[in-house]
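Participant: Read off the chains here:
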Amino acid sequence: MHEYDIAVIGGGPAGLAAAIEAKKNGADEVLIIDRDIELGGILQQCVHNGFGLHIFQEELTGPEYAERFINELKDLGIDYKLDTMVLGITEDRIVSTVSSSDGLVSIKAKAIVMSMGCRERSRGAINIPGSRPSGIFTAGTAQRFVNKEGYMVGRKVVILGSGDIGMIMARRLILEGAQVQVVAEVLPYPGGLIRNIVQCLDDYDIPLLLSHTIVDIKGKDRIEGVTIAEVDEKRKPVKGTEQYYECDTLLLSVGLIPENELSKGFGVKIDPVTGGPVVNESMETTVEGVFACGNVVHVHDLVDNVTEESRKAGRNAARFIKDKTSVYGHVINTKPGKGIRYIVPQIIRENNVEHSIDLYMRVDRIFKNEKLVVRIGETVIKKINKAYMRPGEMEHINITAEDLKAGDHSLLTVDVE
Amino acid sequence: MGKTAITCTICPIGCTMEVSEDKSSTSGYLVRGNSCKRGEGYGITEVTNPTRILTSTVKLKNTNLKRLPVRTDKPIPKKLIFACMKEINSIEIDAPVKLGAILIENIFSTGANVISSRTV
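Each protein sequence line maps, in turn, to chains A and B. FYI, in the working numbering the residues of the first sequence are 118 to 534. FYI, in the working numbering the residues of the second sequence are 79 to 198.
Hints listed in this document are in silico derivations from the structure and should not be mistaken for laboratory results. Check the hints yourself; a few may be wrong.
Unchecked claim - Below 20 Å or equal to it, Euclidean Cα-Cα: the simulated SDA-like pairs (lysine to any residue) are:
| # | chain 1 | residue 1 | chain 2 | residue 2 |
| --- | --- | --- | --- | --- |
| 1 | B | K137 | A | E189 |
| 2 | B | K157 | A | I323 |
| 3 | B | K176 | A | E189 |
| 4 | B | K139 | A | I323 |
| 5 | B | K144 | B | E165 |
Chain A extracted, bound-state conformation:
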């Protein structure tokens, strides 16, 4: 059995940042395991720019952002195993892997960082009626075909869902000569970033239909068209609003799900709202010595936030193997209040908060001129005025170690008021 200080599962932006930070904080033997044939994860197919504004104060493309971290990783001499699938993890931190070159290999690690990312919701997850022809792709799959493998997915395209990848693919396909007819979004507000609505849809006169969804798919071998209808407040299609669009391709950009089959396999507790592991202030899961970061914990909208969170996970994994993490002292649980869907982290062990802690959360609808109010028990410890909040943009609040001590209560809540 191979032994490492820290095994990192997944070599995308989260895994790269965690491994680098762990090494810099004194973990000698660090290994990244990835199932793809190269490091960088999904960044390698995100050829558009807009990455790195916070971390590098520059607008980079996905591959450029990845390459900076890959270069640093190699300079630090961190090991990585590619084209290798992780089959399972045990509670005593043994990772079993398989690859065509090495066969079955077990790796024992003093700490594990899980950074497997997320995957796309597919047609089955949203139950679109109609026939089942070819030509229906998730937006990310289409992105991989076009940007890495060099296959054009279609000529006449309809997009369901206004997630960022869907909008970015709308522009990408138009640039490569396709016709993108319409983007339909079931919610009354767009899912992705405003920057993408302007630069991907408005720039190319692609209509965005809010409160609309697909009610029928037509086609036998290849998709021939879709019927789009308006929906009411309960997301039920309104009779008489149906409109038929001819198309040879349908892209789905209808949400992302953290990929946690591995985590569930050895008893890591999952938050039902985020779909990712419950984590504490150190980004440690409910299994001791197993950390998690990036989209496997909760879906982020900016890679810069993934990098920040993953650095924290890597740093704390290194602390853990040197026995520097305190498991004693006062514990505070975080709980989403009015207007908040979730908060990460869910658990705060006060003794491990040195200066301050960042709480990440999403609101459940659009709010204008409201406040985010943080309480410990009944005591208000922070109030932040917000001109505008929407579910598509993650909110973040910094709480100082001193503020945490304001009440001796063990429940921290955040409400929109």
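Add chain B to chain A, keeping to what the hints say.
Facilitator: Okay, now just chain B, sitting in the frame of chain A:
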């Protein structure tokens, strides 16, 4: 020129703005609907000379990867995007190639180069 509707992308608020010509102001334009000073500047640039960084891919030979990601190293005028795409799609690159390597110099006389977005 009439009124042009523009959604601001400076911050997440995304103000819906209206830009119209105004001879009496120093900039020559009147911006309405913005909630900050930066929005005004953005609105004026969007009607006078909107520019974008263009990102795409080109055919790649000699390696497993079939397409090389590329981008312009400076923003180019929005109206030249499709003309530049035509030129980008006409070239083929042989691996190895380094991040930042210039693949097309001064594309369409925009002053921008098309560069490789990664090392292969």
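Participant: Of the hints given before, which are not true for this structure?
Facilitator: Violated hints (numbers, rising): 1 and 4; every other hint is consistent with the structure.
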